[in-house]
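J.: Residue numbers for the sequence shown follow full-length UniProt numbering, beginning at 1 and rising by one.
It cannot be assumed that every hint is accurate.
To be verified - Per label pair, the in silico range of CB-to-CB distance: (1) Arg342 with Phe594: 35 to 43 angstroms; (2) Gln185 with Tyr348: 21 to 29 angstroms; (3) Glu484 with Phe590: 15 to 23 angstroms; (4) Phe590 with Tyr426: 52 to 60 angstroms; (5) Ala192 with Glu339: 32 to 40 angstroms.
Said to hold, decoys possible - Simulated crosslink set (EDC-like; lysine to aspartate or glutamate; CA at most 20 angstroms straight-line): (6) Lys662 with Glu685; (7) Lys327 with Glu105; (8) Lys337 with Asp485; (9) Lys477 with Glu440; (10) Lys515 with Glu495; (11) Lys515 with Glu499; (12) Lys318 with Glu495; (13) Lys515 with Glu484.
By construction, these hints were calculated from the structure, which means they are not laboratory data. Since we're looking at a predicted model, the values are computed, not measured. Glycine included, every Cβ here is placed at the ideal spot set by N, Cα and C.
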Amino acid sequence: QGGREANQVSDDYRYQDGNYDAPNDGYYRGGDEPAQEEDAQSDVTEGHDEDDEVYEGEYQGIPHPDDIKEKQKKRAPAVADEYRDRADLMAERMEDEEQLAHQYENIIEECGHGRFQWTLFFVLGLALMADGVEVFVVGFVLPSAEKDMCLSSSNKGMLGLIVYLGMMVGAVLLGGLADKLGRKQCLIISLAINAAFAFLSSFVQGYGFFLFCRLISGLGIGGTLPIVFAYFSEFLSREKRGEHLSWLCMFWMIGGIYASAMAWSIIPHYGWGFSMGTKYHFHSWRVFVLVCSLPCIASLVALKFMPESPRFLLEIGKHDEAWMILKQVHDTNMRAKGEPERVFTVSYIKTPKQVDEFIEIQSSTGTWYQRWLVRITTTLKQVWDNVLYCLTAQYRMNTLMLAVVWFTMALSYYGLIVWFPDMIRYFQDEAYDSRVKIFEEEEVSHFTFNFTLENQIHRNGEYRKDKFIGMKFKEVKFEDSLFEDCYFEDVTSSETFFENCTIISTVFYNTDLYKHKFINCRLINSTFMEEKEGCHIDFEEDNDFLIYLVSFLGSLSVLPGNIISALLMDKIGRIKMIGGSMLISAVCCFFLFFGNSESAMIGWQCLFCGASIAAWNALDVITVELYPTDKRATAFGILNGLCKFGAILGNSIFSSFVGITKVVPILLASSALVGGGLLALRLPETREQVLM
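Work out the full structure: start from the sequences and follow the hints.
T.: What follows is the structure in structure tokens.
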């Protein structure tokens, strides 16, 4: 006992920066005093075996004197870090990270789960809700925007895919930056980009600028998913992580419901807008785009009051800031539980060895843009190194298997999500075409048409000295007909064409019957005056109530799957959840062969969405848990970016088979789900794993 105290005295005096510092613990330690005699030991320790003694500071974060002595012996022959091999530094860092992982788990358990986590849950939920809204916005505004901005079929397809392209880039870029700049800071950047460009896109008039705004908006929102799950997981203990990350996924569903409800209640109201002259029109679909940015703005404001992830701060060596945040979490939860007297007992937290070198450019060095260029290139190089690290031997197999599972899930899910509404529209068009009225060899003269003609075919007709004034043509076709001395004024048309017609001495004044609508026609002494500019939309006829309803029901149908996955995530494990959900979803795909009507398609869509949501939730959880803190958001961003690439392919492939065959989309989706589900069963289970 006396010898141990003597060693402690010598160990407590440490050589730091050329000076010997005595411990500041309020006790006098005399180096000249003799060691205590054995008979002077405390009676308290009598009868105890020293080897079995529990050091009283063990649970207060205070290292044992013997441990200090051992570490000093190990450090004795060591050289300065700058002269050590990088492999040695990395090995020491890995050891430190393992110790930190277990200590941090104990600290989070001491902080408890309460008011702080639930507050953060709703703040991050709004960010996830904004991600869900972004996926649906373009699909809802396309029927209106295509007429408002005169979009061709190729332009519509590009507008539908551009958001996924932005989200793919944003997930990789902003997810990687979150591991270097911090979760909170990068999430604020991500939401700010999305909010600014989503708001701006509602006012721009041109197709090109609108496309650019949606691209940058998608880039911003693409970073939210990796950051949100990495951020929230670092405030959760092992027992709570799977369940509460699954509850968080419900906000994506809420985003879909919100977008559907807003589209249903806003877009059909033509009067909810304004015009400035003949060039600037702010229709109700633009109001809808504006309203859809509100969840993002709300999350951005609330996030300003949330702290940075303490796990990230410990990873970059900021011990004191991390300790203060953890104490804030502890005190907030204890006050909410009615135990404000509970003291945060942690005094020291292990921080990993810092290996990365970042040279700060002084203000006197070069110009300001040169300094920023060095900072940006250095940060991007570190992000790229993180990307490569996810493919090193330690993580390569897990990364590749997860990549396949993410890709197959996205290809099937997003492909079918687009295919379902397209098939419903196809059934609608078939039913509409079956009601077409055909008029043969009609002769009309000296008659004034001032009403709407819809879904009609006129063949071999003759129209002489007729007037078409203030009327609308919708899905009307004139074939092999004659128009002589007729007058068209203030006419608007949709999907209306003249084929093989002869038009003699006819005037077209203020109409949108452009020359490309006259196919193989003979125009003799006919005049086109003051043609209408832009595209014209009639909201009372061109709304898509059924499509809004389908999306609303599809989003709502995942609620049971969300609840089941949250309750069972920590009981049956992540791997069984992914594999089981994907295989059940594959079985649901085969029932689509029996979907020969609108109602059947809606029903099978709801069943498919409800079955597949558990796989999405489990994928989010296992991706967070398989990677260490300094690579977590980067790995999630890579996999989520690959997911968006799968969504782009799925949208393109599945939509091309609408009206041609159902076999290819159904077989492709089901085979991808089966392959991905079976491969997922080979992933390691992370249910009992601490967050590294």
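J.: Does the alpha-carbon distance linking lysine 318 and glutamate 495 stay inside the 20 angstroms limit?
T.: Cα-Cα ~64 angstroms, so violated.
J.: Mind checking the alpha carbons of lysine 327 and glutamate 105 for me, to see if they're no more than 20 angstroms apart?
T.: Holds: lysine 327 and glutamate 105 sit about 14 angstroms apart, inside 20 angstroms.
J.: Sort out whether glutamate 495 lies within 20 angstroms of lysine 515, counting only the CA atoms.
T.: Holds - the C-alpha atoms of glutamate 495 and lysine 515 are around 14 angstroms apart, at most 20 angstroms.
J.: Between lysine 337 and aspartate 485, does the CA-CA distance stay at or below 20 angstroms?
T.: Between lysine 337 and aspartate 485 the Cα gap is close to 87 angstroms, so the pair fails against 20 angstroms, i.e. violated.
J.: Need the status of pair lysine 477, glutamate 440: alpha-carbon distance at most 20 angstroms?
T.: Cα-Cα ~12 angstroms, so holds.
J.: For the pair we were handed, lysine 515 and glutamate 484, check the Cα-Cα distance against 20 angstroms.
T.: holds, 17 angstroms
J.: Okay, phenylalanine 590 versus tyrosine 426 on CB: inside 52 to 60 angstroms?
T.: Violated, at about 20 angstroms.
J.: Holds or violated: lysine 662 and glutamate 685, Cα atoms, limit 20 angstroms.
T.: Given that 20 angstroms is the threshold and the Cα spacing comes to 37 angstroms, the pair is violated.
J.: Is it true that the C-beta distance of alanine 192 to glutamate 339 lies inside 32 to 40 angstroms, as the hint says?
T.: holds, 38 angstroms
J.: With 35 to 43 angstroms as the target window, see if arginine 342 and phenylalanine 594 comply at their CB atoms.
T.: violated, 60 angstroms
J.: Just to be careful, I want the Cα atoms of lysine 515 and glutamate 499 compared with a cutoff of 20 angstroms; is the pair within it?
T.: Distance ~12 angstroms between lysine 515 and glutamate 499 Cα, so the pair holds.
J.: Please check whether glutamine 185 and tyrosine 348 have a Cβ separation lying inside 21 to 29 angstroms.
T.: This hint holds: roughly 26 angstroms between Cβ atoms.
Taken one by one, the earlier hints fail for this structure at numbers 1, 3, 4, 6, 8 and 12, listed in ascending order.
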